[in-house]
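Since chain D is already given, all that's left is putting chain P on it; use the hints.
Protein chains in written order, with the working numbering: chain D, 1 to 285; chain P, 1 to 351.
Rather than coming from a laboratory, the hints here were simulated on the basis of the structure.
Computed from the model, here is a short list of chain D residues facing chain P with C-beta under 8 Å:
(1) Thr53
(2) Ala54
(3) Ser140
(4) Thr224
(5) Asn244
(6) Glu248
Chain P stretches covered by chain D per the calculated footprint, using a threshold of three residues with CB under 8 Å from any CB of chain D:
(7) 67 to 78
(8) 165 to 172
(9) 188 to 194
From a predicted model like this one, the values you see are computed outputs, not experimental measurements. The beta carbon of each residue, even a glycine, is placed where N, CA and C say it ideally should be.
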Amino acid sequence: MQDKLFRSCLFLSAIVIPLIGGGILLSLTADASGAFETFGFWHFICSDQWVTTAGQENYGALPFITGTLLTTLLALLLCIPFSLPVALFTGEYFRGRKIATVLGTVTDLLAGIPSIIYGLWGFYVLRGVFMHLGLSPQGSGILTASFVLSIMIVPYAASLSAEFIKMVPSDLKEAAYAIGATRAEVIRRVIFPVAGPGIFSAYILAIGRALGETMTVTMLIGNTNQLPDTLRTTGNTMASIIANQFGEADGLKLSSLIAIGLLLFLITAVINMIGKLLIQRARHV
Amino acid sequence: MKKLYLPIVTSALLLAFTACGGQKSKDTVRESVELTGAGATFPLPFYNMSFENYSATNGDRIAYGGIGSGGGIRNLKDGIVDFAGSDAFLSDKEMQEMQPVVHVPTCMGAVVLAYNLPDVAELNLSGEVIADIYAGKITDWNDARLKALNAGVTLPAQKIILAYRSDGSGTTAVFTDYLCKVSESWKNTYGSGKTVDFPVGQAAKGNPGVAGIIAQTPYSLGYIGSEYAFAQHIASANLLNRQGELVTPSPASISAAAGELPQDTRCSITDADAKGAYPISCFTWLIIYKEQHYSGRSKTQAAATVNLLKYMLSDSVQQTTSTVHYAPLPRQAVSLSLENLKSVTYDGQPL
Chain D
1 MQDKLFRSCL
11 FLSAIVIPLI
21 GGGILLSLTA
31 DASGAFETFG
41 FWHFICSDQW
51 VTTAGQENYG
61 ALPFITGTLL
71 TTLLALLLCI
81 PFSLPVALFT
91 GEYFRGRKIA
101 TVLGTVTDLL
111 AGIPSIIYGL
121 WGFYVLRGVF
131 MHLGLSPQGS
141 GILTASFVLS
151 IMIVPYAASL
161 SAEFIKMVPS
171 DLKEAAYAIG
181 ATRAEVIRRV
191 IFPVAGPGIF
201 SAYILAIGRA
211 LGETMTVTML
221 IGNTNQLPDT
231 LRTTGNTMAS
241 IIANQFGEAD
251 GLKLSSLIAI
261 GLLLFLITAV
271 INMIGKLLIQ
281 RARHV
Chain P
1 MKKLYLPIVT
11 SALLLAFTAC
21 GGQKSKDTVR
31 ESVELTGAGA
41 TFPLPFYNMS
51 FENYSATNGD
61 RIAYGGIGSG
71 GGIRNLKDGI
81 VDFAGSDAFL
91 SDKEMQEMQP
101 VVHVPTCMGA
111 VVLAYNLPDV
121 AELNLSGEVI
131 ADIYAGKITD
141 WNDARLKALN
151 AGVTLPAQKI
161 ILAYRSDGSG
171 TTAVFTDYLC
181 KVSESWKNTY
191 GSGKTVDFPV
201 GQAAKGNPGV
211 AGIIAQTPYS
221 LGYIGSEYAF
231 AQHIASANLL
241 NRQGELVTPS
251 PASISAAAGE
261 LPQDTRCSIT
271 DADAKGAYPI
281 SCFTWLIIYK
291 EQHYSGRSKT
301 QAAATVNLLK
311 YMLSDSVQQT
321 TSTVHYAPLP
331 RQAVSLSLEN
341 LKSVTYDGQP
351 L
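Pulled out of the complex, with its shape left as it was, chain D reads as follows:
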């Protein structure tokens, strides 16, 4: 009797989360339909217009999709030189030593810092530095936002990569050392090929994190709705345009913002799914 009760309780709570997820998707789709019906699904995605003037309203998501993909990819590229050494440091070179534990913990701590704090640091410190270095005329922009994003995703990429590096079988490494390989060669020829798919999936999950980051990006990207032409210019991402304009939006504009939200939901879901699949495959190797 008790067992049965327990089981049905478990079942109930297990079903709640997928139901909520489905509900979110459903209501997003329902509210976004207005925008898709007015502009057409593909036209909405491919149009770079964002005209809010009453009477000439015309909304397209291209500047924001571009902004999101640009900042995310740039953040990913910038994050590799930070996160890969950390992963090798904690997963291979100083594996199991105290210094690796300390570094690993500190990196993981970065993940726990609220994004507003990264935003403040970027706004008050990094913007000034970028202006001083002449990297950006107004300080804020895609480059600034990407740089801070890259630091934010380091812990996600680093700790998971370290796990996969640790999983490389010792006999493989020992065999390589036995035939005279140096440490660098072992890393390049043994660890990277074996742990590669796992490390790749770690970066995919980090991308998932960068895609949806809102607060930091809103504070640093400059929030202009034009299609960015260089990395130094200002832009807007899908998350930041929603955060910026949701408050006062109604009618078609609200529907367009929700449509952007739906697109972001789908992109993030797909990328996370790919990451999960890759992790599963990497674990089976």
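Quick look at chain P alone, frame taken from chain D:
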């Protein structure tokens, strides 16, 4: 294990009972009404102060959510608030889409042009020049037209770094309304509204965002709500008004901008043709339904709502506006509003 449940459940029930009981006896001692409103964030510090004072004097509790003018009106349309706050009056078209409403102005504010120019103590601007700067036609601080307005001041040979609001905002609406009045080309190209497609510059969220960019960036210029600029002592430009005077934004020059008002007080007072008027001034309104019986509201609640609005118009409250960096309403706005409030009904009966 099962034995544990019973005492826990009983004690929880007991607690709930006593809590309810306590609440009830309190209410019978003094009947207080709870009013909810939502909307504009611009007058939020003023409302917070006034509503708190109001609660202290008569016990009614007022919850006001600063969710933006658009959100406030949406809530009023949904019938889930007693009043909405808005920096923009409803257009004729919007009025037709809902039940009749009454607009009650509560205080005045302005939009100031804040700048960060090292070694420049005072900056003068005119409407056309501001419009051309925001249109990207004037790009340098030492432009001939800026020099002409600022005789005797050495303006730096630097690019103007522009900032504007990224979020939909009444501040942007008032600012662009002004630009439309002073520049035909601005009106035809960009228009006015809570969000406008500015061709140049960078955007930041809220007054603190724009003010932050200006404080951090030399040679920048941006528009900010006066209440924020006054409170933070941010340097702001003098503006040339219709009378040809250079006016510094202040509570007095803002109040001077309210000229002759229409009966329902719905009017824009930017680019006012009055002596000593600061040209980018505005009202902020509280909006209620003319017929107060909706969403199951009681008559007491309706009366309390009207009472609150009358309180906001009273001399004692209006005198406090400048302590929180707003400007008081002119006489005419108060008398018109008191008259308009007489038309508010409950079930068709005047309150």
